[in-house]
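Peer 1: The chain contents come next:
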Amino acid sequence: DAGVTQSPTHLIKTRGQHVTLRCSPISGHKSVSWYQQVLGQGPQFIFQYYEKEERGRGNFPDRFSARQFPNYSSELNVNALLLGDSALYLCASSLGPGEYQPQHFGDGTRLSIL
Amino acid sequence: GQQVMQIPQYQHVQEGEDFTTYCNSSTTLSNIQWYKQRPGGHPVFLIQLVKSGEVKKQKRLTFQFGEAKKNSSLHITATQTTDVGTYFCAGQGGGTSYGKLTFGQGTILTVHP
Numbered sequence: 001d002a003g004v005t006q007s008p009t010h011l012i013k014t015r016g017q018h019v020t021l022r023c024s025p026i027s028g029h030k031s032v033s034w035y036q037q038v039l040g041q042g043p044q045f046i047f048q049y050y051e052k053e054e055r056g057r058g059n060f061p062d063r064f065s066a067r068q069f070p071n072y073s074s075e076l077n078v079n080a081l082l083l084g085d086s087a088l089y090l091c092a093s094s095l096g097p098g099e100y101q102p103q104h105f106g107d108g109t110r111l112s113i114l
Numbered sequence: 115g116q117q118v119m120q121i122p123q124y125q126h127v128q129e130g131e132d133f134t135t136y137c138n139s140s141t142t143l144s145n146i147q148w149y150k151q152r153p154g155g156h157p158v159f160l161i162q163l164v165k166s167g168e169v170k171k172q173k174r175l176t177f178q179f180g181e182a183k184k185n186s187s188l189h190i191t192a193t194q195t196t197d198v199g200t201y202f203c204a205g206q207g208g209g210t211s212y213g214k215l216t217f218g219q220g221t222i223l224t225v226h227p
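Each protein sequence line maps, in turn, to chains A and B. Here my numbering is used: position 113 in the first sequence is 113, and no number is missing along the way. Each number in my numbering comes from the position in the second sequence (counting from 1) with 114 added on.
Bear in mind the hints are in silico, worked out from the structure with no lab data behind them. We put the beta carbon where it would ideally sit given N, CA and C, even for glycine. Treat the hints with care, since some could be wrong.
[As the list claims (entries may be wrong)] Listed below are several chain A residues computed to face chain B (Cβ distance under 7 angstroms; list not exhaustive):
{"id": "1", "residue": "Pro8"}
{"id": "2", "residue": "Gly16"}
{"id": "3", "residue": "Pro43"}
{"id": "4", "residue": "Lys52"}
{"id": "5", "residue": "Pro70"}
{"id": "6", "residue": "Ser73"}
{"id": "7", "residue": "Gln101"}
{"id": "8", "residue": "Pro102"}
{"id": "9", "residue": "Asp107"}
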């Protein structure tokens with residue numbers, strides 16, 4: 001069975017631009033979460049979506065937004081990119097939205113801002 | 115907000131030596147999960163601990179959850195080169211209806227053959 005798939009794998013943008021990252025969860029998983037991992041740090045929670053609704057939001061500015069589609073895939077959008085947005089963006093899927101759900105991570109999108 | 119601290123940041127061992135990483139949360143957790151991230155890879159789920167004082171074993175790996183459900187440890191016996199990677203603890207708690215994981219900074223394990 002396919003795991004969590006993310007696209008693109010790498011992306012280079014300049015300051016002020018906008019970016020859209022995509023994620024397809026494991027088949028049967030209805031919850032998708034997004035994390036930002038800066039080099040040398042643990043992943044930081046950005047959003048969780050379940051059944052197309054936002055269920056949780058981390059401490060990120062409004063430049064970050066996301067949505068989930070009827071097929072449970074998801075997009076993360078970041079506007080007005082800053083140098084500090086350079087990071088590995090990880091998508092994780094789980095069966096449901098609540099606690100006690102192990103997260104299955106994709107390989108991530110490595111975003112570089114010049 | 116909830117914070118999870120993890121020590122040490124780095125651990126270099128000779129193959130065959132033991133390894134331990136410790137995790138401490140600022141708040142009581144509902145559960146703690148452990149993940150392993152190989153260099154250039156993504157976090158991979160290892161285990162979840164839920165009960166106070168719980169101990170779980172996976173071959174050479176032993177995981178513990180503290181009595182107060184605020185700390186945890188991972189111990190690897192007789193490390194092998196395949197154990198190389200970053201080990202993260204990640205806590206959940208606060209009675210939220212969603213599954214936010216708060217990760218520690220991770221412990222980078224290097225194993226010298």
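Peer 1: Does proline 70 of chain A pass the interface hint, meaning its C-beta sits closer than 7 angstroms to a C-beta of chain B?
Peer 2: violated (20 angstroms)
Peer 1: Proline 102 of chain A was flagged as interface toward chain B. Is the shortest Cβ-Cβ separation under 7 angstroms?
Peer 2: holds (4 angstroms)
Peer 1: Grab the minimum C-beta distance from proline 43 of chain A to chain B and call the hint holds if it beats 7 angstroms, violated otherwise.
Peer 2: holds (5 angstroms)
Peer 1: Quick one, is the proline 8 of chain A hint okay against chain B at 7 angstroms, beta carbons?
Peer 2: violated (15 angstroms)
Peer 1: Given a cut of 7 angstroms on the nearest C-beta pair, is the interface hint for serine 73 of chain A held or broken against chain B?
Peer 2: Nearest chain B Cβ about 18 angstroms off; hint violated.
Peer 1: Is the interface hint satisfied for glutamine 101 of chain A? The criterion is a beta-carbon contact with chain B at less than 7 angstroms.
Peer 2: holds (5 angstroms)
Peer 1: Given glycine 16 of chain A was flagged as interface, is its beta-carbon under 7 angstroms from a beta-carbon of chain B?
Peer 2: violated (29 angstroms)
Peer 1: Holds or violated: is the Cβ of lysine 52 of chain A closer than 7 angstroms to a Cβ in chain B?
Peer 2: violated (14 angstroms)
Peer 1: Can we keep the aspartate 107 of chain A interface hint, with Cβ of chain B closer than 7 angstroms?
Peer 2: OK, holds: aspartate 107 of chain A within 7 angstroms of chain B, min 5 angstroms.
The earlier numbered hints that this structure contradicts are 1, 2, 4, 5 and 6.
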